[in-house]
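*Asks:* Here are the chains, one letter per residue:
Protein chains: 2
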Amino acid sequence: MTEFSEWFHNILEEAEIIDTRYPIKGMHVWLPQGFKIRKHTLNILKEILDEDHEEVLFPLLIPEDELAKEAIHVKGFESEVYWVTHGGLTELNKKFALRPTSETAMYPMFSLWVRSHTDLPMKFYQVVNTFRYETKHTRPLIRVREITTFTEAHTVHATREEADMQVKRAIEIYETFFHELGIPYTISKRPEWDKFPGADYTMAFDTLLPDGKTLQIATVHNLGQTFAKTFNITYEALEGEHEYAYQTCYGLSDRVIASIIGIHGDEAGLCLSPAVAPYQMVIVPIIFKKGGEEVLDFCRKLEEKLKGEGFRVHFDDRDIRAGKKYYEWEMRGVPLRLEVGPRDIANKKVVTVRRDNGEKEFMDFNPETFIEDITSLMEKINIDMNKKAWKSFEDEIRTVESIEEVKKTMDELGGIISFDWCGDESCGKDLEETAGVDVLGIQSESEDGKVCMNCGKPAKHVALMAKTY
Amino acid sequence: MTEFSEWFHNILEEAEIIDTRYPIKGMHVWLPQGFKIRKHTLNILKEILDEDHEEVLFPLLIPEDELAKEAIHVKGFESEVYWVTHGGLTELNKKFALRPTSETAMYPMFSLWVRSHTDLPMKFYQVVNTFRYETKHTRPLIRVREITTFTEAHTVHATREEADMQVKRAIEIYETFFHELGIPYTISKRPEWDKFPGADYTMAFDTLLPDGKTLQIATVHNLGQTFAKTFNITYEALEGEHEYAYQTCYGLSDRVIASIIGIHGDEAGLCLSPAVAPYQMVIVPIIFKKGGEEVLDFCRKLEEKLKGEGFRVHFDDRDIRAGKKYYEWEMRGVPLRLEVGPRDIANKKVVTVRRDNGEKEFMDFNPETFIEDITSLMEKINIDMNKKAWKSFEDEIRTVESIEEVKKTMDELGGIISFDWCGDESCGKDLEETAGVDVLGIQSESEDGKVCMNCGKPAKHVALMAKTY
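Protein sequence lines correspond, in order, to chains A and B.
Plus 1189 on top of the position in the first sequence (first one is 1) and you've got the working numbering.
Plus 1189 on top of the position in the second sequence (first one is 1) and you've got the working numbering.
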């Protein structure tokens, strides 16, 4: 693959995912093809969340005084909040923030909603745009100033244990979601200095892009009682006493789409899994001098049959060379191509060509079994793409035992490094600076007798580090 | 019905549609029940639009200079645009508007997208939040400062005729949509002084709320070449010459949900059509001392069966009086209640009670025909609600022939008045002032010999007027 960043920008344009020419830096236009990928991806997530969350929608604007209430939280965001100061030609009495995230929009309302222990747990989510005045270099879908697809869940619980359980449940939700998408990840507990502003602790999902840098694709925060105390979210417990609630929140963004594109793509362009592809199949007629009408007619019926079964299918009947069609649909990542020529019809066959591995097969066109065969092929593609992505991901996680090795590995290979760590903030920050990496977080406890790779003190944790986006 | 405004506010709260306590005037929270009604409503619209429009998503923020490019347009909006002036602690070089509508966000991009006549027509839509710094009294879903459900379509065409045709097509789209929802409307051509800023002409849909005032629920604008010239949207025609494109745009907002609630509701609360109801049916077990388990078991199976058929159904097995359940679900507008008691099971019957007209029936519980019977009952409810709404709407349209009659009718009855009009702006504005109404617009040509109701000159148009929201 050519340089990833260039490839990524090109494919966004060529496959008509995003138009980056909008006249504000870091804010982009979702084009029809991109919008469809986004929609199918969101539908998968919503189906999972809808099982036990309620979808809601809060206002975009947050009054200055609400945003400022939680001191640690506002400190984490104040340098990157956009401010609305005027309505028409009038200066507003109180300025409004464009939400950078919605804790301070939601929690004043939660304070009104939560009354009794019987109201709990409460679990909500919303899909919204959020804004960050990023000073770092922006990149479409990866680091933007308008995050268009922020999917944030917020839960309220009666006890610390229930909040801890919800963190585990949220992790399962995202595992299921990324499994459907075939996106591999590590899960780690972010170091103290990198947790969500206001959280007790943050669990994070990171994946790896082809340039060897990790991308944070989801986070789950246990908020403890911090916000409940700030926003006075209390409930009446069994014995009538008022207790502060416990909260969690978790979310993900447009970066999920960046991962789908970056991880599965190749030199030929996009490679989409049937789960999110705008078209899951394209039918290409192979027409010779004779029998053209018969082929077109067969293809039309095939399209109709597949559509009737709920597949997203396109019949490409343009009068251009088949090769040009192959090229285009491969670039756009359509998971399966069905080719039909006169000989195939005579032999009662359809040629299937997989986008993910190029495999070409002759599938029996038996009305009894065809839909079943196509369905299993689709499932197989999903599974294979998942496996392939996990395989290369795992190959890029390396255990390293000295700081020299870290530098060498990072320079030559990139990827994720697993190491033993004392857990001290000063040591971690020193390591980040020396090796030019970020500590992603803690995965597990160190084995007895292990020492910290950086400082030599007894190790507490097995941790991960990487160059990050 | 009690005073409409009070009823409306109460039902938004009681049925958990919207929470109006958010700490910014005119900006509200969609609660889970409201969000579901909104979602089902949007899905109906999207299904219609998706037939020949592509869904896209443009940024919220519009640079000041783009917004200012179209002089008439910006004049129409400048007094009510929210401005972002700061990013973090830094003042921005160029301020950004929160979109009041998206012409000036989209059309600079259209200028890049439209190249040749073969690119046309282009038809896009998006569902977004838009902002208006309203100085008038705000009302939830009716006049708000954050419109959360702005569904705007924008099309580009090669000729004036095609743009005119698209206006007709857009009107058909909205007719289909409102038909599905059972919302009655008039369609009229807005007077010159009330058209969309920048449009050649505006066609508008108005419905009527129970307080006798009309509510604009959708508009369709023929933009001619005004924006194409401002934003340089040109295409290469057949002979290679560059021509300015023709454009239309059309949209609707949260007001559709206000109409659903206001038009079908009654003293008992919400009354939802099966098309948009969060729950289309609620199953209430009628339990006596004996046979309780059998009833619960039957209800559970019934719920499962109906869910399996794709119905949105809820089994209310709470241990409270059936009467309390009736009251609650009626207030929330569930279209159909299924009651099941031991005697019904013995008789192989289910009791159905319609929300819209209170009709109670014993439906045979025959596994062969039950789903079909329920499906037709659902359809019948939809049709009957539509008919009923249209009937009362048409009763409120009155033809009036003198200005005294206008005042009397408006004071005593409200509603919509049809009248003959000369069509002159000065006469129209005089009429608006004298009678305290708004001219909605023109419906058709006057018959020969008719005179203007206001000024006595020969009449040109049959027009509509009303007190409006």
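Some hints could be false.
Remember, identical chains collapse to one label, so a pair may be satisfied in a single copy or spanning two.
With a Cα cut of at most 30 angstroms, we get these calculated DSSO-like pairs of lysine-lysine [what the hints assert, rightly or not]:
#1 Lys1378 - Lys1596
#2 Lys1577 - Lys1478
#3 Lys1418 - Lys1214
#4 Lys1312 - Lys1235
#5 Lys1596 - Lys1514
#6 Lys1214 - Lys1284
Hints in this document: simulated from the structure, not taken from any laboratory.
*Asks:* The structure should be examined with respect to each hint, and the outcome stated for every one.
*Replies:* Status of the hints after comparison with the structure:
1. Lys1378 - Lys1596: Cα proximity of Lys1378 and Lys1596: one copy only (23 angstroms, versus 71 angstroms across).
2. Lys1577 - Lys1478: This pair counts as neither: shortest intra-copy Cα distance 41 angstroms, inter-copy 61 angstroms.
3. Lys1418 - Lys1214: between (38 angstroms within a copy, 25 angstroms between copies)
4. Lys1312 - Lys1235: both (13 angstroms within a copy, 27 angstroms between copies)
5. Lys1596 - Lys1514: neither (45 angstroms within a copy, 67 angstroms between copies)
6. Lys1214 - Lys1284: Cα proximity of Lys1214 and Lys1284: in one copy and across copies (23 angstroms, 13 angstroms).
Violated hints for the displayed structure, listed by number in ascending order: 2 and 5.
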